[in-house]
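Protein chains in written order, with numbering that gives the first Met the number 0: chain A, 0 to 225; chain S, 0 to 216; chain G, 0 to 389.
Fair warning: there could be bad hints in the mix.
Distance condition first, Cα-Cα at most 30 Å in a straight line; then the derived BS3-like pairs of lysine-lysine [stated by the list, open to error]:
1. A:K54 to A:K95
2. G:K291 to G:K318
3. G:K158 to G:K291
4. G:K158 to G:K253
5. A:K76 to A:K54
6. G:K56 to A:K174
7. S:K62 to G:K158
8. A:K174 to S:K62
9. G:K318 to A:K69
10. G:K318 to A:K76
11. S:K206 to S:K168
12. G:K291 to S:K62
13. A:K95 to G:K318
14. A:K201 to S:K62
15. G:K195 to G:K291
16. A:K201 to A:K88
17. G:K253 to A:K54
Please keep in mind that the hints were generated in silico from the structure rather than gathered at the bench.
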Amino acid sequence: METPEQIRDRLLARFPGAEISVVANPAPAAQHSLLLGHAPAVEIARFLRDDPTLKLDQCSNVTGIDWPEKEIVETTKSTVPDPAGGPPKVVETKIKRIQPGYLEVVYHLYSIALGHGPVILRLRTGNRTDAVTVPSLTPVWRACEFQEREVFDLFGVVLTGHPDLRRILMWDAFKDFPMRRDYVAPDDYEWEPTPHGDVLEKAKRHYPVPPAAAPVAPAAQEAPKA
Amino acid sequence: MSDNPSAPTPGITQQERDELRRQGILLTSIQELYTWGSSHSVWPLNFGLACCAIEMIAASMAKFDIARFGSEVFRPSPRQADLLIVSGTVTKKMAPQVVRLWDQMPEPKYCIAMGACAISGGPFKQGYNVLKGIDRYIPVDIYIPGCPPRPEALLHGLVQLQEKIRGFKLTGPDAPRHLRADLPCDYPVPEFGAHDLEPPANPDVWKAPVLVRNEKA
Amino acid sequence: MSANDFSPLAPQAGSHVREVHDPLHGELLEVSMGPHHPSTHGVFRMIVTLDGERVMKLKPVFGYLHRNHEKIAENTTYLGSMPYTDRLDYLCSMTNNWAYAIAVEKLSGQPVPERAEYVRVILAEITRLLNHTCLAGFLMQDCGCSGTPLMYAFREREKILDLFESLSGSRMMCNYQRFGGCRVDPSADWLDGARKLTDNYGRFLDEFETLLTGNEIIMARTQGVGALSPELAINAGVTGPMLRATGVNYDLRKVDAYGVYSRFDFRVPLGAHGDVYDRYMIRVLEMRESIKILQQALATIPAGPIMDPKAKLRGFRPKAGEAYGRIEGPKGEIGFYLVSDGSPNPYRYRVRPPSFVNLTVLEDMCLGQTIADAVIILGSVDIVLGEVDR
């Protein structure tokens, strides 16, 4: 099978101006992926499916990943000569920058006809709050239908062009996106016989240490959401 | 009804009763007859939730044969069932349906929480969509631990339930729920909320455990 | 639009037909089957719109067993997720373990000793026997043969579970495989037990098939019902016996040749019509092939370590990266997609559930059939809700 770089070059020749880049995977599996821009994503997907040398006719796996914004500290070292004539000093300057957060949808494509794969596609949203759309690939592979609905349900990615974008696993009135990293689950903690770690911290919130002789108050049922 | 030695018959000793029985005269009380009968024909609801349901099916198959205990009649309709075996993880999406099934079952009815998930959420306790025990909404008679419990454990739980039924009094303050007018027979079905089930527990049924914690300074 | 393109029968927005009144054809009836329904194999729900007995529309509703496996796995260690994979498809814990182990091994480049590969093949094929036998029993139950086939299937299941229990300590939730091998080495006695089971299984299949395969009622009930075209099956991501029943030759044991499958001689049974009967027959034939694989694997299993001595389980921290590992589970392609950020917990943990994806075509197969046929079509898809909803 062609390498992701070869696929990218062929796609760029076929779709000039499209944003396509290869995302390297440092793990031993070396399953590198192609990051696509939004505009021709559906056409690219259709091309990958119908191209005679690739024939990626099966979309096996569709999933979302949440990358919240994070602070990256970059350390640069520079050598400053000592004015007193001693050995030069090494000065570390730290630059903080905020890497903006985004949501990502990952597609794993295989070819049943030719028996190769995977070719991995990635689509990214602009941010995690208001620009959360990516184009849906359900018109190309029916296999994405339920899995994209799941990405919408659990991550809150709006897949434009999906024929039936509703919540799939949670109920319709549910408001949160539970697979996001910053989701806070409803606090229905109950005492466990062996509390440990963060469970112990939760236990302290629910069961404050009683004052010495005072009777123990029953635990609050509906503690405020943390 | 020798399998209920605890129930006394006024004015006659157990010894005399056994002697009469050997002569072919059966002395009993309505209470004994009633509880004996109902304990031996507990019909479960044909209702499986998760992994434990497979072991529940296994318990009704040849090797374990739940029919030996009179409970082989799995009824598909809650209207015909006596026993709700909550066999598996109750998710928050499923909890209203489980409560509704329980409400649809006619009294007398019993509930077995089968497996760690039905008791407390089990291994999935940390899950955002997992109910931390079905006893937050409906009263549970027998808890069977295990993940999943073996079919033998389910049979043991069933025998425990039968013993519990045989110990029922038909009158007085110790009478079971279905014979008392002052106890509720209607359990409110929780609603789907924006973040969680509303309410998150039925306060008439479930109280949070009270913990006395001794913090070492 | 080419033939592969989105089917015109695809679902449209909104799930409920509220009220359709057409004086010529009468009213459509909307029935909610499930989540408590004896024929939906758990807590699956379908909203079926019926014209008389014909299915005009069918919307599956999921999530009644959504127990947050992925979220929990992202908050625990790599090893800590292994017992949870047992509970995905709770009939096939061994293959779930294997799929997860393969994904982690791809992520960290962990080699597996040869003996462990053989043990994995043996356990996966026994699991396939277990799953297909139970499925055939449940499918026949759905067809209306109440009791007998399921009783036979569960009798065999108990024999297999005894084997699993003596190896791993648990009947259903084996938690047996590890990254870089297996947890305990099967003894010679255990291997003898597996040989005995393998040798006797063919006789059970003969008995089972005498009872069912040529049965005229079953043929009338299942042939031509729920037919699926190979084009739609491929496009909809259908895998496993359901895909092969449509005649597509795609078995990951041959295509990926993971583990040591390339050393064994076996064939991939293919169907021709893609109907319920083909799906049943594919599973019976696959069991016969599994017996062949088991006989070869049990005859040639080498001695040696069962775990790679360098494998790390506790405190396992793979380097940053990602991997997608998949195997041919009894229900289809079960895959795990893992993203590591170098911490002890996976950053993203995703299960590719075969029966969830296979349900994509449920509506296409059921349209125009009667409601009783929809029940056996669902039965022939072979779903386990623990895996569908996770």
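Each hint tested on the structure:
| no. | hint | in the structure |
| --- | --- | --- |
| 1 | A:K54 to A:K95 | violated (45 Å) |
| 2 | G:K291 to G:K318 | violated (39 Å) |
| 3 | G:K158 to G:K291 | holds (19 Å) |
| 4 | G:K158 to G:K253 | holds (29 Å) |
| 5 | A:K76 to A:K54 | violated (49 Å) |
| 6 | G:K56 to A:K174 | holds (28 Å) |
| 7 | S:K62 to G:K158 | holds (10 Å) |
| 8 | A:K174 to S:K62 | violated (47 Å) |
| 9 | G:K318 to A:K69 | holds (19 Å) |
| 10 | G:K318 to A:K76 | holds (26 Å) |
| 11 | S:K206 to S:K168 | holds (26 Å) |
| 12 | G:K291 to S:K62 | holds (28 Å) |
| 13 | A:K95 to G:K318 | holds (24 Å) |
| 14 | A:K201 to S:K62 | violated (45 Å) |
| 15 | G:K195 to G:K291 | holds (13 Å) |
| 16 | A:K201 to A:K88 | violated (48 Å) |
| 17 | G:K253 to A:K54 | holds (19 Å) |
When the structure is compared with the earlier hints, violations turn up for hints 1, 2, 5, 8, 14, 16 and for no others.
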